[in-house]
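Participant: What follows is each chain in one-letter form.
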Amino acid sequence: MVARKSVRQQLRLLPVVPSVLLMLLFLAAPVLWSFHASFTNAALTGRNARNPAWTGLDNYSRLLSDAAFPASVVLTMVFVVASAIVGQNLLGLLIAGLMTRARKSVSTLVGTAVVAAWVLPEIVAAFAAYAYFSNDGTLNQLLGGAGLAGADWLYAFPMVAVVLANTWRGTAFSMLVYRAALADVPRDISEAALMDGAAGWQRLVFITLPLIRSSIATNLMLVTLQTLAVFTLIWVMTAGGPSNASTTLPVLAYQEAFKFGDIGYGTAIASVLIVLGLVFGIAYVRLLKGDRR
Amino acid sequence: MTTAERAARRATHGGVTSPARRSARAPADAALLLIGACFVLPLLWLVFASLDTKAGYQTQLPASASLTNFAAVLTPELLIIPLWNSLLLSGGTATVTLVAAVLAAYPLSRFQSRFNRPFLYSILCGTCLPVTAIMVPVYGLFVQLRLLDSMPATVLFLAATALPMAIWMTKNFMDAVPVSLEEAAWVDGASGLTALRTVVLPLMRQGLGVVFIFVFIQTWGNFFVPFVLLLSPSKQPASVSIFSFFGQHGAIAYGQLAAFSVLYSVPVLVLYVLVARGSAGSFALSGAMKG
Numbered sequence: 003m004v005a006r007k008s009v010r011q012q013l014r015l016l017p018v019v020p021s022v023l024l025m026l027l028f029l030a031a032p033v034l035w036s037f038h039a040s041f042t043n044a045a046l047t048g049r050n051a052r053n054p055a056w057t058g059l060d061n062y063s064r065l066l067s068d069a070a071f072p073a074s075v076v077l078t079m080v081f082v083v084a085s086a087i088v089g090q091n092l093l094g095l096l097i098a099g100l101m102t103r104a105r106k107s108v109s110t111l112v113g114t115a116v117v118a119a120w121v122l123p124e125i126v127a128a129f130a131a132y133a134y135f136s137n138d139g140t141l142n143q144l145l146g147g148a149g150l151a152g153a154d155w156l157y158a159f160p161m162v163a164v165v166l167a168n169t170w171r172g173t174a175f176s177m178l179v180y181r182a183a184l185a186d187v188p189r190d191i192s193e194a195a196l197m198d199g200a201a202g203w204q205r206l207v208f209i210t211l212p213l214i215r216s217s218i219a220t221n222l223m224l225v226t227l228q229t230l231a232v233f234t235l236i237w238v239m240t241a242g243g244p245s246n247a248s249t250t251l252p253v254l255a256y257q258e259a260f261k262f263g264d265i266g267y268g269t270a271i272a273s274v275l276i277v278l279g280l281v282f283g284i285a286y287v288r289l290l291k292g293d294r295r
Numbered sequence: 101m102t103t104a105e106r107a108a109r110r111a112t113h114g115g116v117t118s119p120a121r122r123s124a125r126a127p128a129d130a131a132l133l134l135i136g137a138c139f140v141l142p143l144l145w146l147v148f149a150s151l152d153t154k155a156g157y158q159t160q161l162p163a164s165a166s167l168t169n170f171a172a173v174l175t176p177e178l179l180i181i182p183l184w185n186s187l188l189l190s191g192g193t194a195t196v197t198l199v200a201a202v203l204a205a206y207p208l209s210r211f212q213s214r215f216n217r218p219f220l221y222s223i224l225c226g227t228c229l230p231v232t233a234i235m236v237p238v239y240g241l242f243v244q245l246r247l248l249d250s251m252p253a254t255v256l257f258l259a260a261t262a263l264p265m266a267i268w269m270t271k272n273f274m275d276a277v278p279v280s281l282e283e284a285a286w287v288d289g290a291s292g293l294t295a296l297r298t299v300v301l302p303l304m305r306q307g308l309g310v311v312f313i314f315v316f317i318q319t320w321g322n323f324f325v326p327f328v329l330l331l332s333p334s335k336q337p338a339s340v341s342i343f344s345f346f347g348q349h350g351a352i353a354y355g356q357l358a359a360f361s362v363l364y365s366v367p368v369l370v371l372y373v374l375v376a377r378g379s380a381g382s383f384a385l386s387g388a389m390k391g
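Protein sequence lines correspond, in order, to chains A and B.
Mapping the first sequence onto my numbering, position 226 (from 1) lands on 228, and the numbers just tick up by one.
Mapping the second sequence onto my numbering, position 132 (from 1) lands on 232, and the numbers just tick up by one.
Hints listed in this document are in silico derivations from the structure and should not be mistaken for laboratory results.
Virtual Cβ for every residue (Gly too), placed ideally from N, Cα, C.
It cannot be assumed that every hint is accurate.
What the hints assert, rightly or not - Selected chain A positions facing chain B (Cβ under 8 Å, derived; list incomplete):
| # | residue |
| --- | --- |
| 1 | 10 |
| 2 | 24 |
| 3 | 31 |
| 4 | 39 |
| 5 | 133 |
| 6 | 136 |
| 7 | 244 |
| 8 | 247 |
| 9 | 280 |
Said to hold, decoys possible - Cβ pair distances, simulated, as ranges:
| # | chain 1 | residue 1 | chain 2 | residue 2 | range |
| --- | --- | --- | --- | --- | --- |
| 10 | B | 126 | A | 193 | 17 to 25 Å |
| 11 | B | 168 | A | 291 | 33 to 41 Å |
| 12 | A | 193 | B | 164 | 39 to 47 Å |
| 13 | B | 130 | A | 70 | 43 to 51 Å |
| 14 | A | 38 | B | 130 | 55 to 63 Å |
| 15 | B | 248 | A | 151 | 44 to 52 Å |
| 16 | B | 333 | A | 87 | 37 to 45 Å |
| 17 | B | 161 | A | 22 | 51 to 59 Å |
| 18 | B | 130 | A | 47 | 25 to 33 Å |
| 19 | A | 14 | B | 134 | 41 to 49 Å |
Could you put together the complete structure from these sequences and hints?
Facilitator: Rendered as C-alpha cells:
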C-alpha cells in the first residue's frame with residue numbers, strides 16, 4: 003500500500019520531465035562541458051578540434067598571466083558598477099520617485115519613452131546607440147549646437163559610451179521595480195513624517211528607502227546579472243575596441259573562442275562568468291528565502 | 101476614529117500637503133520631461149532616418165519625407181524571409197516553453213512533495229545563469245551533436261533558457277487559481293491533467309498570454325543566440341540579417357537600415373502594449389469564487 007502510494011506520488015511528477023530534460027540538456031550540460039573544456043586545449047578547427055588534449059590548469063594560469071584578462075575583469079566591474087548599480091538603479095529610483103509627484107499624463111509619457119528603449123530588440127537599440135555616439139552623430143550635433151566641442155566618443159571614450167548606452171537601454175527595469183515598490187509605501191507614513199517637519203531627503207533616507215529595501219536588494223542583484231551578460235550592445239558599438247579598451251568578459255570569451263578559435267581558453271573565461279553568475283544566483287535565492295521568513 | 105476626527109484630519113491634510121504637493125509638481129514634471137527627452141533622442145534618429153533617402157548618422161528632419169526606404173527593404177530576401185524566420189523562432193520557442201512550463205508548474209503548484217522546494221530554488225538559480233557566458237560551450241555542444249544551423253535545435257535551446265523564468269511565472273499564475281474549483285472536477289472523476297485542461301487553463305488564460313508574449317518578445321529581440329547557432333542566411337532571423345545593410349566596403353545604407361529596424365521593432369512594441377494593458381484585468385479570476 004505504501005509502495006503504491008509513493009509510486010503514484012512519483013507519477014504525479016511526470017509532467018515536470020520535459021522541462022527537466024530540456025534544462026539538463028541545454029543548460030546544465032553546457033555548464034558542465036564548459037568546466038571540462040576549460041581544462042583542455044580544444045580548438046575551433048584543426049587537430050585540437052577533433053582530439054583535444056587534457057592540459058590541466060594551463061588555461062587558468064594563462065588567464066592570470068595574460069594581461070587581457072585582468073584588464074577585462076576591471077572593465078567588467080566598471081561597466082557593472084557604473085551602468086547597472088549607479089546608472090540604471092539610481093536613475094530608475096529617481097524616475098520612479100519623480101513619478102509619485104508629477105502629473106499622471108507626464109508620468110505616462112515619460113514612462114513610455116523609458117520603456118521603449120528597453121522593449122526594442124537589442125540589436126536595434128545597439129544601432130541606435132551607435133548612431134547616437136558616432137562621430138557625426140546626434141550627441142556631437144547637440145554639443146555643437148550648444149557651442150561645445152564634441153569628441154569621437156566610440157574611439158576616445160568607448161567605456162563612457164557603452165556605460166551611457168546600457169543605462170539608457172536598461173533603466174526601464176529598475177523604474178518598473180521601484181514604481182511598484184513605491185506604490186506599496188503607505189501614504190500615511192510619509193505624510194506623518196511630513197507633518198513632523200521632516201525634510202524631503204530625510205523622508206527618503208529614513209522612511210522610504212528602509213521600507214523598500216528588499217526591492218532595492220532584489221533589483222541590484224538582477225540588474226547586476228543582466229549587465230554582467232551584456233554582449234550585443236558592446237559588440238555593435240565598439241566590438242570591444244579600440245585595442246580592448248571596452249572588452250568586458252563576455253566579449254573577451256567570444257573573441258578568444260570564435261575569433262581566435264581557442265575554445266579551451268574561451269570556455270575558461272566563460273566558466274569564470276558562469277561561476278560569477280551562480281554566486282549571484284545563490285545570493286539572490288538566499289535573499290528571497292530570508293524575505294519569506 | 102469618529103467622523104469629526106476624520107474630517108478634521110482631512111482638513112489639516114488639505115491645509116498642509118496640498119500646496120506642498122502642487123509646488124513640488126512643476127519641478128518634478130520638468131525633471132521628468134528632461135529625462136524623457138534624453139531617452140527619446142537616440143530613437144528619433146531611427147524614425148527620421150527611415151523617412152530620409154539621404155540619411156546619415158545625423159538626426160535631422162528629412163528634406164522630403166518619403167517611404168522610399170521602406171519600399172526598398174520590402175523584398176523577400178531583405179525583409180520577408182528574415183521576419184518569417186524570427187516568427188518561427190519566437191513562436192516556436194514561446195510555444196515549447198509555454199507547454200513545458202504549464203506541465204511542470206501543475207504538480208509544483210498542486211501537490212506537496214519533497215522535490216518541490218529544491219527544484220524551484222535551483223531553477224531560480226538557473227534564471228541567474230548568464231546566457232552569453234554559456235554560448236561558447238553551447239556552440240561546442242551543438243558541433244558535437246551536429247545540431248549547428250538547425251532551427252528546431254535552436255528553438256529547443258532558446259526554450260531551455262526561457263524555461264526557468266517561465267516556470268516561475270506560470271506557477272505563480274496557477275497558484276492564483278483556487279484549488280476548490282478543481283476539486284469539483286476531481287469529484288466528478290476527472291484526472292489531474294483533465295482538470296488542468298478543462299478547469300485551470302481556461303481560468304489562467306491571461307497569465308498564459310503574459311508568459312507567451314514575455315518569451316516571444318525576449319526571443320524576437322535575441323541576437324547572440326541565432327548569431328552563433330544559425331549559419332545559413334536562409335535561416336537567419338531579422339536580428340542577424342540586419343547586417344546585410346552593411347556593405348562590403350563599409351558603405352552603409354543608413355536609411356534602409358533604419359526602415360528595417362522600425363519594421364522589425366513594431367511587432368514587439370505592439371505586443372508589449374497588449375500585455376501592459378491586459379495585466380490590469382487579472383483580477384477577473386477572483387470573481388470565479390463567488391456565487
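Participant: Determine for every hint whether it applies to the structure shown.
Facilitator: To see whether the hints hold, each was checked on the structure:
no., hint, result
1, 10, "violated, 10 Å"
2, 24, "holds, 4 Å"
3, 31, "holds, 6 Å"
4, 39, "holds, 6 Å"
5, 133, "holds, 5 Å"
6, 136, "holds, 5 Å"
7, 244, "violated, 16 Å"
8, 247, "violated, 20 Å"
9, 280, "holds, 7 Å"
10, 126(B) <-> 193(A): 17 to 25 Å, "holds, 20 Å"
11, 168(B) <-> 291(A): 33 to 41 Å, "violated, 58 Å"
12, 193(A) <-> 164(B): 39 to 47 Å, "violated, 56 Å"
13, 130(B) <-> 70(A): 43 to 51 Å, "holds, 46 Å"
14, 38(A) <-> 130(B): 55 to 63 Å, "holds, 57 Å"
15, 248(B) <-> 151(A): 44 to 52 Å, "holds, 49 Å"
16, 333(B) <-> 87(A): 37 to 45 Å, "holds, 40 Å"
17, 161(B) <-> 22(A): 51 to 59 Å, "holds, 55 Å"
18, 130(B) <-> 47(A): 25 to 33 Å, "violated, 59 Å"
19, 14(A) <-> 134(B): 41 to 49 Å, "violated, 56 Å"
Of the hints listed earlier, those the structure fails to meet are numbers 1, 7, 8, 11, 12, 18 and 19, in rising order.
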